[in-house]
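So the sequence lines, in the order shown, correspond to chains A and B.
Residue numbering for the first sequence follows the UniProt record's numbering, beginning at 1 and increasing consecutively.
Residue numbering for the second sequence follows the UniProt record's numbering, beginning at 1 and increasing consecutively.
Incorrect hints may appear among the rest.
What the hints assert, rightly or not - Computed from the model, here is a short list of chain B residues facing chain A with C-beta under 8 Å:
| no. | residue |
| --- | --- |
| 1 | T71 |
| 2 | A72 |
| 3 | P181 |
| 4 | A186 |
| 5 | P200 |
| 6 | G209 |
| 7 | V212 |
| 8 | S275 |
Claimed, not checked - Some chain A residues well away from chain B (every beta-carbon gap over 12 Å; in silico):
| no. | residue |
| --- | --- |
| 9 | V110 |
| 10 | A114 |
| 11 | T209 |
| 12 | W244 |
No wet-lab data here; the hints were simulated from the structure.
Treat the numbers as computed from the prediction; the structure is a model and nothing was measured.
Yeah, the Cβ is synthetic: ideal placement off N, Cα and C, and Gly gets one too.
Residues per chain are reported as follows:
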Amino acid sequence: MKPVLGLAGLGGFVLLLEMIPRAGLVPSRYLPPAADIAVALVGELADAAFWAALGDTLLGWVLGLAIASVAGVLLGLVIGAVPVLRELTASTVEFLRPIPSVALIPLVVVLYGASLQSKLVLVVYAAFWQMLVQVLHGVRDVDPVADETARVYGLGRASRITHVLWPTALPYVMTGLRLAAAVALILCVTGELVIGAPGLGARIAVAQTSGAIPDLYALIVVTGMLGVAINVGARAVERHALRWHQSVRGEVAV
Amino acid sequence: MRRYLAVALSAAVLAAVTACGGSPAEEPDTGTSGPRPVTVGVIPIVDVAPIYLGKEKGFFSSRGIDLELVTAQGGAAIVPGVLSGDFQFGFSNITSLMIAQTKNVPVRIVANGAASTGEPGKDFGGVAVAKGSSITSAAGLSGRKVAVNTLKNIGDTTVRESVRKAGGDPGTIEFVEIGFPDMPAALESGQVDAAWVVEPQLSAVKAAGGTVIASNFTDTAPNLTIAAYFAGTKLIAEDPALVKNFTEAINESLAYADAHPDEIRTVLSSYTKISEEVRAALILPKWPTEVNRASLETLAALGSTDGIFGGTQPDLGKLLP
Chain A
1 MKPVLGLAGL
11 GGFVLLLEMI
21 PRAGLVPSRY
31 LPPAADIAVA
41 LVGELADAAF
51 WAALGDTLLG
61 WVLGLAIASV
71 AGVLLGLVIG
81 AVPVLRELTA
91 STVEFLRPIP
101 SVALIPLVVV
111 LYGASLQSKL
121 VLVVYAAFWQ
131 MLVQVLHGVR
141 DVDPVADETA
151 RVYGLGRASR
161 ITHVLWPTAL
171 PYVMTGLRLA
181 AAVALILCVT
191 GELVIGAPGL
201 GARIAVAQTS
211 GAIPDLYALI
221 VVTGMLGVAI
231 NVGARAVERH
241 ALRWHQSVRG
251 EVAV
Chain B
1 MRRYLAVALS
11 AAVLAAVTAC
21 GGSPAEEPDT
31 GTSGPRPVTV
41 GVIPIVDVAP
51 IYLGKEKGFF
61 SSRGIDLELV
71 TAQGGAAIVP
81 GVLSGDFQFG
91 FSNITSLMIA
101 QTKNVPVRIV
111 ANGAASTGEP
121 GKDFGGVAVA
131 KGSSITSAAG
141 LSGRKVAVNT
151 LKNIGDTTVR
161 ESVRKAGGDP
171 GTIEFVEIGF
181 PDMPAALESG
191 QVDAAWVVEP
201 QLSAVKAAGG
211 TVIASNFTDT
221 APNLTIAAYF
231 AGTKLIAEDP
241 ALVKNFTEAI
251 NESLAYADAH
261 PDEIRTVLSS
271 YTKISEEVRA
281 ALILPKWPTE
291 VNRASLETLA
301 ALGSTDGIFG
311 GTQPDLGKLL
321 P
């Protein structure tokens, strides 16, 4: 039932998109009907340059997300486990975290120009905080009784990390990963759009500069679908990694 | 042409980049070991069509240059690329280059880029109003809201000159920064009273019933040079042979482009998404091989009058080849 409703909702949206310009609410010069966008989309799919751009975007996304995740998890575990470090960094993290990644664009342009590195800086900066903050919460969530019990049973530091800390933090890590994956895509496309680094965003910018409005929307649709795919993928990873967790094993309601 | 003008990036940072820029400008090829790879930073607009066509025609490969064209979203991304050595050459509008020069950014023009057609009303850029506007001449822009793609650059200085020459008061114009792609919609929805638009948006505005009320380029100077190809002074000093070959190849491309507008309209499809109808009808710039020095002096004087050089005067001797 659920997927049917979802598809019906999507169908309704497409219908609305078709009707608004047809009814003259918005000039079709600026918002073409869905059918025109679909035609442009087919044209894009037949173009090798489109696939190259998609590859560039995905490369930036996966690299950026990987760097941010590894760094976020490692630093999060270390900072979270050492109270002094946590106190020391708390205000700095809260200061840096809300700075929008796009505010760094002038800086990265000067440093790296229209390149993959520029994009990576933006992606990593945005995705890193998502991971770090979640991991910090996760580490804080460790049940003191469980930790004490592990100590009493003589588990060493390494064992306590793998058996107590990591399982507690993992749901948080997965949430962080899902949030970071979405944010990374946004920043990837934004970086390409604003700076001109190769990828879907740069292609959107070219369509925009050329006044190719249906192509512009077709590419926006592609980024949207990419977002959906990434979210579905992230949820699948989450379900797999947390298959033992009560949030996934719904049957053992506590 | 979108934002190719925003070199207004902090000059201090730029200077820092050049100072520490480990510009790995490869050693010039000593022998005949194959073509030299050269990367040029361009903006995906009509103005740079000759270099795409010249590449296709082999004007670069015949001079031992393996040309790669990298599109960036504006001069703000191209100048740092040239300074850091990622790009050997770049494309920028003249006023942005003058702003860079007044901030002692070490760049110099190596070849002409694009020029006004010199025909009032039939230029590739102009000031347009929406269908049914009461404004009929540049003088009517006094006290109105006018869109330019970048403030304190070639757009507002030349529009002010149009208004000045038409007897209006340029000081009372309210300039608004809007990207070229958004200008047709901004005009139509009445967000601005007029807009300085260039092709292909100029075609879009006209197709929507808009009117060109002033040709700010031709009002500023006859055959105004709008943009140029430039390089870092370091490359010019270290590899004069490469620069000479590049300049010759560009000049051959520009001359060929001017003589073969149909091929230019075709090559546009290779790097833009401008529709076929618009490509067939849009007004192309002129591509003379010489930078029009007199027109640059006019631009420099206008920029100083409008205070966009921070109180100094651009030194054209340091900017021109």
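Quick rundown of the hints versus the structure:
For B:T71, the interface hint holds, the least distance from its beta-carbon to any beta-carbon of chain A being 6 Å, beneath 8 Å. A least Cβ separation of about 4 Å between B:A72 and chain A falls short of the 8 Å threshold, and the interface hint therefore holds. Look at B:P181: its Cβ gets to within about 4 Å of chain A, closer than 8 Å, so that hint holds up. A cut of 8 Å between beta carbons decides the hint on B:A186: the least distance to chain A is about 11 Å, and the hint is violated.
Interface hint at B:P200: satisfied, since its Cβ lies 5 Å from the closest Cβ of chain A, which is below the 8 Å cut-off. For B:G209, the shortest C-beta to C-beta distance to chain A is roughly 11 Å, which exceeds 8 Å, and the interface hint is violated. This hint is violated: B:V212 has a C-beta 17 Å from the nearest C-beta of chain A, more than the 8 Å allowed. Contact between B:S275 and chain A, as hinted, is supported at the beta carbon level, the nearest pair being about 6 Å apart and thus within 8 Å.
Residue-level check failed: A:V110 sits 5 Å from the nearest beta carbon of chain B, not beyond 12 Å. With a least CB separation of 4 Å from chain B, A:A114 falls inside the 12 Å interface cut-off, contrary to its annotation. Some Cβ of chain B comes within 12 Å of the Cβ of A:T209; the nearest lies about 5 Å off, and the non-interface call is violated. Every beta carbon of chain B lies more than 12 Å from that of A:W244, the smallest distance being close to 47 Å; the non-interface claim holds.
Consistency note: the structure conflicts with the earlier hints numbered 4, 6, 7, 9, 10, 11.
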